[in-house]
Amino acid sequence: MLVPKRNWLQQAGFLTGLYGQYLKVYLKTLVEYRADTLIALVAGIVAQGSTLLFLTVIFQKIPKLADWSFYELVFLFGLAATGKSINQAFFNAPFSLTGYIRRGQMDIMMIRPVGVLLQAIGSSQELNGVGQLVTGIAIMGFAGAHLDLQWTAGTLLYVVIALLSSAVIQFAVLLTISVLTFWVQEVRSVIYPVNWLYDFTRYPLEIFHPLLRGLLTYVIPYALGSFFPAAFLLRPESYGWAMWGVPAAAVITMSLAYCLWTFGIRRYSSVAG
Numbered sequence: 000m001l002v003p004k005r006n007w008l009q010q011a012g013f014l015t016g017l018y019g020q021y022l023k024v025y026l027k028t029l030v031e032y033r034a035d036t037l038i039a040l041v042a043g044i045v046a047q048g049s050t051l052l053f054l055t056v057i058f059q060k061i062p063k064l065a066d067w068s069f070y071e072l073v074f075l076f077g078l079a080a081t082g083k084s085i086n087q088a089f090f091n092a093p094f095s096l097t098g099y100i101r102r103g104q105m106d107i108m109m110i111r112p113v114g115v116l117l118q119a120i121g122s123s124q125e126l127n128g129v130g131q132l133v134t135g136i137a138i139m140g141f142a143g144a145h146l147d148l149q150w151t152a153g154t155l156l157y158v159v160i161a162l163l164s165s166a167v168i169q170f171a172v173l174l175t176i177s178v179l180t181f182w183v184q185e186v187r188s189v190i191y192p193v194n195w196l197y198d199f200t201r202y203p204l205e206i207f208h209p210l211l212r213g214l215l216t217y218v219i220p221y222a223l224g225s226f227f228p229a230a231f232l233l234r235p236e237s238y239g240w241a242m243w244g245v246p247a248a249a250v251i252t253m254s255l256a257y258c259l260w261t262f263g264i265r266r267y268s269s270v271a272g
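Number 75 in numbering that gives the first Met the number 0 belongs to position 76 of the sequence shown; there are no gaps in the numbering.
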């Protein structure tokens, strides 16, 4: 079967429509498995609520944390949690890559006339991310209602861009590690700890050691998709660079990760090889 020739615009439309089909399947799964969906929602509420409870207890003892007020920290936490939930719900492919290779599913993906990475992304949505997504947005709204934020169309657009950038940065970091499975038999012992590092960026970077701040900003740039966009919304006079720096970081990290992915997939010889 010959693949029809398309220009870049037609190809973008085709891939967008194909991913839309994957999302339809995902949504049908949520509806079909109502009990699992409800459990995921409740689990998300409990997980995020426990952190809010922790912050509440802390702020009963201190008025501010590194010059950040309670509702500012809640907003930081809400944006970071929402970004992570988007990544978990829609870009969970790095955690599935090893399984695809071991089960021979990667071989099947490679003979289809669609990019392997898109297939992996479309087949790897995570149900548990839905509950955290709902509660993360609610937490942001709750904190924003208590802060002097100007919710203009531009602000809302930046929030959307920041959340997508956060998900892309996380995906790029984890994809970079998971690609190593083309050469190394087991990478899960690395990918899970690196994923857990993201939780540090739910809090002001000033409370951490400079080495950790540098790691989360320049090496594993999770802070560029969580702390800094939230800080820009709360204190634009101090973090004005984040308006363009956050989406730029997402483009750069994803480009580097995709280059490594392309290098690895070209050297993949099949599970039977």
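Among the clues, some could well be false.
[As the list claims (entries may be wrong)] Straight-line alpha carbon distances no greater than 25 Å define the calculated SDA-like cross-link-like pairs of lysine to any residue that follow:
| id | residue 1 | residue 2 |
| --- | --- | --- |
| 1 | K63 | L40 |
| 2 | K63 | A144 |
| 3 | K63 | F53 |
| 4 | K63 | R212 |
| 5 | K27 | D66 |
| 6 | K23 | F69 |
| 7 | K60 | G121 |
| 8 | K63 | A137 |
| 9 | K63 | F199 |
| 10 | K60 | L37 |
[Claimed, not checked] Label-pair ranges, simulated between beta-carbon atoms:
| id | residue 1 | residue 2 | range |
| --- | --- | --- | --- |
| 11 | R33 | W195 | 45 to 55 Å |
| 12 | P192 | L14 | 47 to 57 Å |
| 13 | P62 | W240 | 27 to 37 Å |
| 14 | T151 | D198 | 41 to 51 Å |
| 15 | I38 | D198 | 15 to 25 Å |
Calculated from the structure, these hints are not laboratory results. Beta carbons are placed, not taken as given, at the ideal position from N, Cα and C, and that holds for glycine.
Quick rundown of the hints versus the structure:
no.	hint	result
1	K63 <-> L40	31 Å, violated
2	K63 <-> A144	19 Å, holds
3	K63 <-> F53	14 Å, holds
4	K63 <-> R212	20 Å, holds
5	K27 <-> D66	45 Å, violated
6	K23 <-> F69	39 Å, violated
7	K60 <-> G121	46 Å, violated
8	K63 <-> A137	23 Å, holds
9	K63 <-> F199	18 Å, holds
10	K60 <-> L37	35 Å, violated
11	R33 <-> W195: 45 to 55 Å	30 Å, violated
12	P192 <-> L14: 47 to 57 Å	32 Å, violated
13	P62 <-> W240: 27 to 37 Å	29 Å, holds
14	T151 <-> D198: 41 to 51 Å	31 Å, violated
15	I38 <-> D198: 15 to 25 Å	22 Å, holds
Checked against the numbered hints given earlier, the structure breaks hints 1, 5, 6, 7, 10, 11, 12, 14 and satisfies all the rest.
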